Every structure is written in C-alpha cells, then in structure tokens.
Amino acid sequence: MTDGPAGTGEPGDRWGGSVSAPVPEAGIPTEPRPPDEGTSGATFVQRGDRIFRFLATGSGAFVVALIGAIGLFLLIQAVPPLLQNNADFLTSRQFEAGDPNNLHFGILDLLLVTVEVSLFALVLAMPIGLGIALFLTQYAPARVARPFGYLVDLLAAVPSIIFGLWGLFVLAPVIQPFALWLQDNLGWFFLFSPGNVQIAGATVFTAGIVLAVMILPIITAISREVFARTPRAHIEAALALGATKWEVVRMTVWPFGRAGYVSASMLGLGRALGETIALMIILAATPAIFTGSLFDGGATFASKIALSFAELNNNLSAGAFIAAGLVLFVLTFLVNAAARWVIARSGAKA
Amino acid sequence: MKLQRHGLVVALAAAGAILLAACGSDPNAGGSGAGATSSANSPAVDCNGKAGLTAEGSSAQKNAMDVFAQAYQAKCANSKIAYNPTGSGAGVKQFTAGLVDFGGSDSALGSAESGPAATRCQNNPAWNLPLVFGPVAIAYKVAGADSLTLDGETAAKIFNGRITTWNDPAIAALNSGVTLPAAPINVVFRSDDSGTTDNFQKYLKASSKGAWTQDAGKKFTGGVGSGAQGSAGVAQAIAATEGSIGYVELSFAQDNELGIAKIDSGAGAVELTDANVGKAIAGVTVTGQGNDLVLDLTKTYAEPPAGSYPLFLATYEIVCSKGYDAATATAVKSFLTVAATDGQANLSAAGYAPLPAEFQQKLLTAIQAIA
Amino acid sequence: MSTTIDLDKAATAPTFTGISAGRKARNSLATVLMTLAFLVALVPLVWVIWTVVSQGIAAIVSSTWWSQSLNGLLARQEGGGAYHAIVGTLLQGLVCAIIATPIGIMVAIYLVEYGAGTRLARATTFMVDILTGVPSIVAALFVYAVWISIFGLPRSAFAVSLALVLLMLPVVVRSTEEMLRIVPDDLREASYALGVPKWKTIVKVVIPTALSGMLTGIVLALARVMGETAPVLILVAYAPYINFDIFGGNMASLPLMMTVERSNPTDAGADRLWGAAITLILIITIFQLLAAFLSKVTAPKTK
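Chains as they are written, first to last, in the working numbering: chain A, 1 to 350; chain B, 1001 to 1371; chain C, 2001 to 2303.
Honestly, the hints are just simulated from the structure, not real lab data.
Certain hints may be false.
Just some of the chain A residues that point at chain B, by a computed CB distance under 8 Å [unchecked claim]:
{"id": "1", "residue": "Ala200"}
{"id": "2", "residue": "Ala284"}
{"id": "3", "residue": "Thr286"}
Pair by pair, the computed Cβ-Cβ distance ranges are [said to hold, decoys possible]:
{"id": "4", "chain 1": "A", "residue 1": "Ile76", "chain 2": "B", "residue 2": "Ala1183", "range": "50 to 56 Å"}
{"id": "5", "chain 1": "B", "residue 1": "Ala1183", "chain 2": "A", "residue 2": "Leu186", "range": "22 to 28 Å"}
{"id": "6", "chain 1": "A", "residue 1": "Ala240", "chain 2": "C", "residue 2": "Val2032", "range": "21 to 27 Å"}
Please read these numbers as outputs of a predicted model, since none were measured by experiment.
The beta-carbon is built from N, C-alpha and C at its ideal position, and this holds for glycine as well.
Looking at chain A on its own, in the form it has when it is part of the complex (with noise of 0.2 Å):
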C-alpha cells in the first residue's frame, strides 16, 4: 500500500526531531542571518532544516502521486475485463459482469442517469443555496444567522442512507401529485415523460431532489464563506452613492463572490456524482433502457457499483465495475478542474 508505511513513518520521524532539538539548540543564538537557507552554521541545523523540508515536499508530491496512483491503480484493474468485454464500453446500455466468461458490459445508460440525476440536483440547489448564502451573509442580523447557519450544516450530518429512506418512503409519496401532474401536463416534453418503472417514486426525479437537500450544506459552507468576505468598503462606497440592498448585492457581493459561488456549485455537483446509497435505495432498476425522462429508474454510476460489490468473487467481474468507477473518477476530475478554471480566469480568490 503506497500511503501506508508514508503516512506512519512521517509523524514519527517529525516528532523525533523535535524533541531530540534543544540540547544542541543552546550553541546557535549566535547565528545572525536569517537560517532559512541554512547556509552556515551547525551542521544539525542544516540536517533538521534538510530533513524537515524533505518530508514536507515529499508530502507535497505524495499527493501529486496519490492521485497518479488512483487512476493507474483502478485502470490496471479495469483493462483486463476491458479487453475481454463483448460489449462496446461506451455505448452499451447493458451491464453484465456476473459471468466472468461472457463479460457484457457498457456505461451509456449510468452515464447518462449519473449526469441527469446530478445535474437535475444542481439546477435545484443552486439558487436556493445562492438565496441562503445570501440571506445568512447579507440580510440577517449575525446572531440569527450564526445558529440558522449551524442548522444548515446539521444536513451534511445526516448519514446519506437516512435520506434515502426519507426520500422514498416519506418525501416521494408527498410529491407524486406533482410528479402525476407533471406527466399529465407536460409530458409531450422528453423530461416529464411518463417514465419506465412502476414503483412509485422511485425515480430520477425524487433521487434529484434528495440529492439536491444533501448537496445544499456544501454550497452554501462555501458560498457563505466568500460572501462574508466582501471588502466593507465597496459595500459602503454603494450605499453611499444610495443603493438599496438589493442593488449592493448585485454591484458589489455578487462580482466578488461569484466564482466562489461557481466553485462551491461545482464541489456539489461533484458529491452528487459519486453519492451511493441514497440513490441505491431510491432509484429503481430497470431492464428498460433510459429514455431521458426524469420519471424513469436507473442505476449511476455509484448505485450500481454498490449492489453487485459485494456478492463478486473474481477480479474480472470487479475489474468490470473498477472500470465503471474509472469512468466516474474522470467525470469528477473534469468537473473540478472545470471549477478550477472558472476561478483562475475570473481572476478572484476563493
């Protein structure tokens, strides 16, 4: 295991040498430059100061490395039942890896449920975690907003299987007049077409809006953060020059604060991607294939690694979902990097 011996031996390491340091330590006061280069001096202070830069680059590029080794590691797995799939990887709507002998594999019907569930989710969180970013930072006085705040981040507390359970079985049956009259009214629209399971509620559309409550904390943690942190005087400057509130929001906090907003929205969509077991509880299977509907069933990515993992017994069969996981660490990796860039261009700091 690559992080294992590093990560014990690093701490020992440290520690050692701060605690074996003060008795040499007496002989140096005399030094006068700045000791960074460590240039001159005791030997010991160049060996701790060696030693000590050492391990915290090497921490540095560990992480580099660990990313390295996450997608070599899970590619190394995945090729093999790759090279013996009957099935086309990426345009296949079937995923059959039960039978290492006959692998029937492809990812087109999770992709396309992963990015719907999830995208449906962000549309939903986004605006309203913009509203309580801003209500908490802008408009409530702090000692409302400190605890309201305090109670929004108790969501992210909630164990993700609870809102699975709380999604299916008390939040869908609450919605399923709005879903109905959704299909009714709006069906000739691919979205809200009639979808392809017959268990109540157990769709990309409940999925999405329990996923877009588990995603709300992270966006407004975050979103809150870069908003307090508008400079006082461009906040003054407009109201000075007699702006209402709303206006100095839009003139002032927003411009400062929305690449952080980006950001934060990007991290959401991010955990709504991998998210397991509420979607794996929530969302139905179904032998159909996806239509686009927010009505259908279906698996993402997460969902269905979680329900065959733990009845595998062969490396192929697991290399076949290690692949499928492959696929979602690219997908998530793209989506921060996407985040990433928004920031730089934008110039502002997060």
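Dock chains B and C against chain A, hints included.
For chains B and C alone, kept in the frame of chain A given last:
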C-alpha cells in the same frame, strides 16, 4: 501555557476514549434463547473443542446462523461462532484459503472448486452439507384477491412479461372463484445480485415447461418490471404498489403483510407452510456420494412430491470430511449437531423451514462422520 | 448589519431624490426571494431531523443501547445496543485521523512555507482540489484495487481507514493551509532574527499560533468522513459483536449497521436502523461542537 491548554484538551479526549472502550460488552446470548434448550431429542455434544469457530459465506443463511449460534451458546456456554455473511463466493474462497473453519454457500462446490478445497482439508474431500432451507414466497398485492394460485409456467410468463394483466385467462384458469382486476401486472425484482434471485430463476427454468427461456443467475433476467434494493426494498415496493408481484424470502412477505401465492405443481394448490416445504425437502434426490449431500434441486423444482411447496432455496455448509485439528473437528461437529437438532426450534420464526426428520437423520450421520 | 441600515437612511433622506418605485419593488422582491430560499431549505432539514428523531428516539433511550452489542441476538429480538458500531466508527475514524493529519499538515506546511509558487506546489494544490472531489466510492475502489485485488489482503477496518484518509486528507490540507497563511510574517521574522532555524520556527512558532484553527479543521474533517457508507460497504464485513482488531476480522460501524439492519424487516430492525442514524448524527454533532469549542478555547488572544 497555551500548550498546556492543548494538552488538557487532548488528555480529556483520551480519557473519554478509554472510558468508552472500557464499559461496553457483548450481551450473553445464552439466556435469551428461550425454547432452544432441552428439546426431547437434544443430543449430547462435546463442548471441549475450539472456543471460537469462524465461518463465512452466503447471506441467505445469516439469520439461521444467528439462531444456531444462540442454541450453540445455550448448549456450550464458553463456545462462540462468528458467521460473516459476505456472500457465497467469498465463503468458498475463505474456506479454501483456510481462513475460516467452514464456508456457507448457496450452491455446492463446483468441479473446479472441489480440488483446492480438498487440498485445504489435507487432501481429504470437502463435504457439502445442506443445513439451511429457506422458502421463497411469491408475494403479491392485488386489491380484492385474498388468495392467488400460480403454477411454474404461469409464474414464468408473469416474470418474463408474456402475461401482463391480472385477468389473463391463464391466471383465471388456476383461480376459479377469485375475481382478479383488469389491471396491469407490475413485476418487482431484486436490483442487487443475490442467491434468492438465482434460485427463483432456477425454479422457473425447471418448472415452467420451457416458458422461462432466460438464464438463471444472481441477476434478474426476466426483462420486465422494476428493481428494488434488497429483500426489504422488494417487499416494501410491493406493499406500496397496487397490482404488483415479486419474490422474497418468507419473513419479508409476512412482515409486510403481503399476499403469498400458492403453487400448483399439477396436483392442486399448495400453501407455503413449514410442513409443505418439509415434504419437498424430504423428496429431494441426493446426488453426492456417501456423506457429501449435494442436492438435485432441479428435479424437485420440476417434479415435486404431491402436496409439497417446491419453491425454496438450499444453502450448504462446506466442511472438511477429515483434516481438521482435533479441537476444531470437535467444535465443528458440536456446532453442526446443535444446529441440526436444538437449532431447528426457532428457525420457523426467522423465516426458514425446519428439517424434516428423515433428512435430519441423514445430516446427523454425515456430521458424526467428520473426523 | 444594523449600521448599514443607519447609513442607508442617513445618506438618502436629505440629499438625494427618493428611490424609484421600480427599484424599491425589485429590492423587496429580492429580499422576499432570499428569505424564501432560506425557509424552503429549512423544510427538508426539519423534516429529515424530525423523521429520524421520532423513529429512533425509542431505541437510544434503552439502557443497553450505549453499552452492549447485538451479539447473539436474533433479527427479531429486541434489546442489545449499538456499542459495537460506535466503537467501530470511532476506531476507524481515529486510525484515519492518525494517518491523515500528519500528512495533511506536512502538505500544508510545504505549500505555505516551502513550495510557494513552485511548479510542484501548483500541481499539489491542483491535486488537493481534485482529491476534494473524489467520490467516496472511487476512494473505496482504489483501496480495494490495491489492498485486496493486488496485495491479496483480507478485507479489514484498516482498509476502510485508508479509504477515509483519501477523503479526509484534502480537507485537512485546505484548512491547515488557510490557518498557516494568516500567521503574521512578523512572528517568523522575529524567530529567524533570534537565529532559530526554519524548521524549528515552523514547529515552535508558526504551528502553535495556527493550532486552534488547525484543530478545528481536523475535527470537522473527521466528522465528515465518519458518516461515509461506501467504503465500509466495500472494504469490511459487518460483525454484530465488539471487535477492536483493525487488521483482522469484521467490524461494525454505524453506517454499516444501518445498511445491514435495513434488510431486517422486523420492528427490532427498524428500531436499530433509526437508532443508529440518530446515534451517528449525535456523534457528528458532538464533533462539530467540539470543533467550535476547541477554536474558542485554544484561539490566540490576538485579533
């Protein structure tokens, strides 16, 4: 001084952790196993074997293992068994690797698996002992239909989409006197891979006279319906959806108060009861040699004894015939003996079928032969 | 905020023309919309918490819930407790923290004190961001691929901890980095002027100054990873008894206990499921409060 304050915080945290670690306990199971002790045919077992047995495998027999473990502790207070329900494949793998004392599996060892298993048993054959039988219910929810009878062929056609409405003539022919609505049938299946699905599809394949053209396997292959996660999910989905039908272990159908279909294998409708499942188990042909009790379920599925309920799954304990060290052999024998005798008392409440007497004898003979 | 309202009034009333009706309307509309967004978000929050509390409270007030495991109990037998799962959750979290914290702190030190502006530092920052977004199931699959598929080691609680490290590490790096950055350079320079070597300046001056924020970040990161379900689902098997051995055998944890009891259709199963949920929320909340408390108690008196 600041560091002292930090130190205080850390010390408090550590003290809390130690306190927490010191005060928990595993409850003693022996007292609560009411009814498990002193049944008439309670045999004498040797409690001086290895104290901690380990086993791993099929999750379908997990609740039965809990019942057995309780009975075992009631009998031998100092002996424990840990059964890890990680799936049949893992059970066979761990047994073959010598990491657990016996394995649990939904299917007998295949030809490729028995060689390595024999190596693990110091070159003695490993035996498949079918100890746990779980009836599978075809559960339904249809308003106004308080009874429903199906045969293998009709069930297969429902589950692969060739029968799509409740008032289909094929269903009506089996259910004279029951009014079934003209509503569509909504099939619910397991979305996760499971041995229950595997056995159910094997049953359909064997009993449907060719109507089930799909494969068996841990994934549902019927091609219709909606999938829910786990037996709990399936049962809840059926309960919540009018006109739905699915397959779950007996206890899930009972706990969700679902209708349970009777099965007509040619000689009239048979209800799912312990006795009727027992009749089917008693009639199973053993294809293994000697004490290796491999069962031919396909034959029972296709031609069950008259008046028996044939839809059940059998799970095996995979044990070494010889090759354990003495302490382990004693413990394995004691545990399996208790499981096959005292352990049968509470099985029914946990959703399993108790062993019929004749079959129990066969098992005990095999268990006694372990050395 | 009250001062801005005063400013608003003072600036507009005497000197300028009144605010047009359109602007006023837009202003109130925005206020209403934002308040509404907040209230809308409160609905699911209160609803979820209410569901959990009303379903789970009966289980956790039982006398054995906090002190006993479920060993030897049948699926439909009441009694027993979640002690084994609480121990597992805390143990896995602790091992994860022991590994992730030093690495995370060293990475942050590298980024702030050594690497600033270099290519490796930019790459590291980028990768930390990527790591932040890695789904827990991908982290679990990675550990599975290395630990189980390649090394052939059995599933264990330690494998879970390793997966959690991947999730905790970026959070620790981010919060520590931020805290190190706000340590004033004056402190560093004063230390250098006394001839203290750089590494010792970091250990004895910079870190103690930033410690309160760092501790908060670490505790919050820990709270975040303890509720993860995907790693325990893939990397360790459930055990109804107490197990302290992280390298061998099965170990329960609260999320795992919930998934297992989910397939227990009896009333006892429902009690255990919701009881475990409420317990997990309580533990995470306690950790969050602890973080708030730590930051208050250990905060430097300056600023």
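The hints, checked one at a time:
Checking A:Ala200 against chain B by beta carbon gives a least distance of about 6 Å; that is within 8 Å, so the hint holds. The interface hint given for A:Ala284 holds, since its Cβ lies 4 Å from the closest Cβ of chain B, which is under the 8 Å cut-off. Checking A:Thr286 against chain B: minimum C-beta separation of about 6 Å stays under 8 Å; hint holds. One distance hint, 50 to 56 Å for the beta-carbon pair A:Ile76 and B:Ala1183, holds here, with the actual separation near 51 Å.
Look at B:Ala1183 against A:Leu186: about 26 Å separates their beta carbons, and that is inside 22 to 28 Å. Here the CB-CB span from A:Ala240 to C:Val2032 is close to 26 Å, well matched to the stated 21 to 27 Å.
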